[in-house]
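Q: Using the numbering used here, you'd call the opening residue of the sequence shown number 1005 and step up by one each time.
As a list, the in silico SDA-like pairs of lysine to any residue whose alpha-carbon atoms are at most 25 Å apart:
#1 LYS1157 with GLY1140
#2 LYS1157 with SER1125
#3 LYS1157 with THR1092
#4 LYS1157 with GLU1099
#5 LYS1157 with LEU1093
Source of the hints: derived by calculation from the structure; they are not laboratory data.
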Amino acid sequence: MIEGAELARTIEALLFLSPDPLSVAELAEAAQAGEPDVEAALSVLAERYAPGARGIVLRELGGGYTFATDPSTEDAARRLFSRPRTATLTPAQAETLAIVAYLQPVSRPEITRIRGVSADSAATTLLERGLVEEAGRSQFGAVMYRTSTLFLKLFGLRSLDELPDVARWDPTPEEQTELRERLLRAGEARAGGGSTPE
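Go ahead and model the full structure; you've got the sequences and the hints to work with.
A: Laid out in structure tokens, this is it:
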């Protein structure tokens, strides 16, 4: 049985995790505690999160309890959430970004050959969003792409060395060349079987 300060910490965590207000009964069931003990823990939290004490307050709404921002922070919160948000990636964009991340620098024609469908739209969008950037030109004059600092930031990576090793091995330069050729052949075969829209 959870008691005292530990129960207050548990209730605090449950309220933090839930997007909706939680009733005393729901909290008691989840914490495996008695309702009177949960009410006592809520009283402790109400003091800890009293208006003006922190940036978060404990509120009773719709028959349950929830955390909310202190009203004094409203202007700052409004400014934060009025910023443009990064839209989610489409499957085509995610696939293109993965190819760039693992094979960089890589050209748009190579990406198209690997995917088996045009990479123009996906690559342009990734470039506009700042997830990839130009990295010179290939021997044939095609623009080469690499991932950007923003890519590392959004994916929580300190460097490209932290990318998951999908193959679970460290390829030699010869193996990398062979892998690239296999991917290109697979992309060409896919395109030959009828391409699908991006």
